[in-house]
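S.K.: Given next are the chains, with one letter for each unit.
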Amino acid sequence: MSEAIWGGIQGLISGFANLHWSNPIMIGIGCLLLYLGIKKDFEPLLLVPIGFGAILVNIPLAGLMEEEGFLRIIYDAGIMTELFPLLIFVGIGAMTDFGPLLENPKIFLLGAAGQFGIFLTLALALALGFPQRDAVAIGIIGACDGPTAIYVTSKYAPHLLGAVSVAAYSYMSLVPVIQPPIMRLLTNEEERKINMGVVRKSVSKTTKLLFPLVVTVIGGLIAPRGLPLLGTIMLGNLMKECGVVGRLTKAAENEIPNIVTLLLGISIGATMDGRIFLKPQTLIVLGLGFLAICLDTACGVLFGKVMKVLTGGKINPLIGAAGISAYPMSARVVQREGQKYNPKNYLLMHAMGANTGGQVGSVMAAAVMLSVLKGMGVI
Amino acid sequence: MFGLYESALEQMTLGNLAMLLIGGVLIYLGIVKRMEPILLVPIGFGIFMVNLPIAGIMTYTPDGLPAFGGLKDIAEGKIGILNLLYYYGLETELIPLLIFLGVGTLMDFSPTIARPISLVFGATAQLGVFVVFLIAYLSGMFSINESACIGIIGGSDGPPTVYLTVALAPSLLGPITMVAYSYMALVPILQPPVIRLLTTEKERKIMMKPQIRKVSKLELILFPIIVFIVASLLDPKSAPLVGMLMFGNLLRVSGVTERLARAGGILNDILILLLGISVGSLMPAQVFFHPRTLLIIGLAVLAFIFSTAGGLLGAKFINLFLKEKINPIIGAAGVSAIPMAARVAQIEGQRANPKNYLLMHALGPNMAGAIGTSLVAGIFMGMLR
Amino acid sequence: MVNWKLAFLISGAGYGINILVLIIISVIIWIVSFMIQKKEKAQ
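Protein chains in written order, with the working numbering: chain Y, 1 to 379; chain L, 1 to 385; chain Z, 1 to 43.
Simulated from the structure, these hints should not be mistaken for lab results.
Glycine included, every Cβ here is placed at the ideal spot set by N, Cα and C.
Any given hint could turn out to be false.
Said to hold, decoys possible - Pairs of lysine-lysine residues, derived as DSS-like cross-links and limited to a Cα-Cα distance of at most 27 Å, are as follows:
no.	chain 1	residue 1	chain 2	residue 2
1	L	Lys214	Z	Lys41
2	L	Lys217	Z	Lys41
3	Y	Lys155	Y	Lys208
As the list claims (entries may be wrong) - Counterexamples of contact, computed for chain L against chain Y with all Cβ distances above 12 Å:
no.	residue
4	Leu260
5	Ile266
6	Thr293
7	Leu322
So here's chain Y without its partners, still in its complex pose:
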């Protein structure tokens, strides 16, 4: 036991003595994430816990992610079981209003188009030599949706969880910066001015109730692998629309996602041990993720142009950019850009439709991707 005592006294130095070269760098990265979250307001609810978790796990000898470490327990309980992302998704569903989408269902196509970035990036990652499971996780960054990305990555490429989550959440915050240039590049002045008028039809309550049910059943039949994701977001939405489970809905929108986000964030940060994270492929993942979102925006806008032609000029291609799942930021970006070119244009509602369509679209895209790959025997 004397050794243990001397060990304790030497403990003052042992922390430093056991530092792997990657640890200080990761602690620095953790601090960077904290800075981005706190000072720059990048998705703070996630980047702050992730940043702190990254610092926690890179303290040598503390053993927080070891077999019995308490971070490992939270990780096993919430991420390995997929419990955390799914619980958050219930909350997201409870906060989403599919009204604008239901009023103009063809907008849903934009939500689908906005997901092409996922598949294009998946192909690119495969071409670059990433193993199939890793490529899937990299592509899903293009879904622009936190829980979906976490779900897919923790299931199929857990070692990339840190990189993918950081990429997904950072880029989501950067949407107001990434999208406008692409939107401007792919449209001409005249297209951007198209006035889409005010949304007129109102959607019946029955429709709003049936929507989550129908989507769940049909989506689940077509792409069963994604049913956990699809089902939970639709459950949240159903709870909100039915109006009779107010207390549950409130809990799903507030208490539950608050606590879960907190625990989720720390667990993700806890996967960012320097030895796993600091590899050249992490940088490539970050780069590809960025590319995915750009491609999403581009495809959405391009498809918007197609729809403009098909509807005889009634649709403003700008709203295609809202076809990604960055809700509601993307819709607001479209609104701002639209007003810049035509102050009388109020694109927000239409963009919201596309945005919520993108929400469903991203889940469906993930589900389809998983089901296809499962069918091919890849996963």
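Use these hints to put chains L and Z onto chain Y, whose structure you have.
M.R.: What follows is chains L and Z alone, placed relative to chain Y:
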């Protein structure tokens, strides 16, 4: 009864009855006397639940610890639901650590940052921990691990006490936690005599400016980060405790994570409830009635007294080097019973000098004490595990 | 068997390390605070 109906009355022992009484006392202290009610009431109730025989809400191994099992074993009656709560919440250290996170979201470290020397008072006030550790061990009644856990009661901070005891002396978890949380409410009674004994009238009269310096947001944000990194590098085993406390604090001061800080608060409520029930359920009659438990109660009083002394003497020592003297009474607030010890300092200060307003100054060491206790817990873990 | 030497060693070293670590932390905090205050006064 009559071979038809199973009641618990026949299985009741005298010990069970006595424990029911104790549980009742705790609930009384909590509800009527308002002593730490959010803990004492669940603990009292937990004691009720396990001292009513046959109910099987918690089952024990022959040496008094909760039995281990899986979900199926509950259905088969081999273990009870509280066994699971013990294993997944306490044994994994999840409950005390998440409670500490919640505590961090409620702390305002401005007084500590305004006068960094407060941190040192938070350290010297850990004297009681080591004094009682020595007494407990040298008396021969307790093993070295158990003595450390009894000592840490002197740190006056719930989660580190639970954390250390689960790791080093789980068989004493019930009595130690119960004593730790009950005694914190006695701090206002135990401290003043010590303060008066160890300081002179003149020292107690020392005037301190009522306002503390205004602390900028940047300092508030950097504080938890710096404290955590430095503390963990120098004392790695304290990382979980210090980490959770500082993380909770960061969530509070960052200004952009209010939802998460609130989550910490809610977690706090849920977990304190579960902690209370678990702790109470560790005290069936056969575990509790042991001369050692009574010794622990006595030693806890000593721990608080010596910790107060440590804080006071530390402050007096530092004073020798200061041009602008601080009032040593605030050193006593290094005992981490927040905010009770700070209030005691305020009252004693006013008693000596009615124009003195020491509360803000005393809060500095008060909060620092939480960091000190965590470090000590980490030191014990490093040396004794 | 009660090991007196061990006990005093743990208490002394433990208490000492505890105080030492907090002194280090308080010095660092003080320095950082000082630098921040200087920057703010200069602005």
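S.K.: Does the claim that Leu260 (chain L) lies outside the interface with chain Y hold up, using a Cβ gap greater than 12 Å?
M.R.: Violated, because the least Cβ-Cβ distance between Leu260 (chain L) and chain Y comes to about 5 Å, which does not exceed 12 Å.
S.K.: Quick one: work out the minimum CB distance from Thr293 (chain L) to chain Y and report holds if it exceeds 12 Å, violated otherwise.
M.R.: Non-interface label stands for Thr293 (chain L): nearest chain Y Cβ at 27 Å, farther than 12 Å.
S.K.: Can you confirm whether the C-alpha distance between Lys217 (chain L) and Lys41 (chain Z) stays at or below 27 Å?
M.R.: holds (15 Å)
S.K.: Is Lys155 (chain Y) close enough to Lys208 (chain Y), meaning Cα to Cα at most 27 Å?
M.R.: violated (32 Å)
S.K.: Keeping to a limit of 27 Å between CA atoms, is the pair of Lys214 (chain L) and Lys41 (chain Z) held or broken?
M.R.: Holds, at roughly 13 Å.
S.K.: For Leu322 (chain L), is the shortest CB-to-CB distance to chain Y above 12 Å, so the non-interface label stands?
M.R.: holds (27 Å)
S.K.: A cut-off of 12 Å on Cβ-Cβ distance, and Ile266 (chain L) was said to be off the interface with chain Y. Does that hold?
M.R.: Non-interface label on Ile266 (chain L) violated, nearest chain Y Cβ at 6 Å vs cutoff 12 Å.
Violated hints, in rising order: 3, 4, 5; the structure is consistent with all others.
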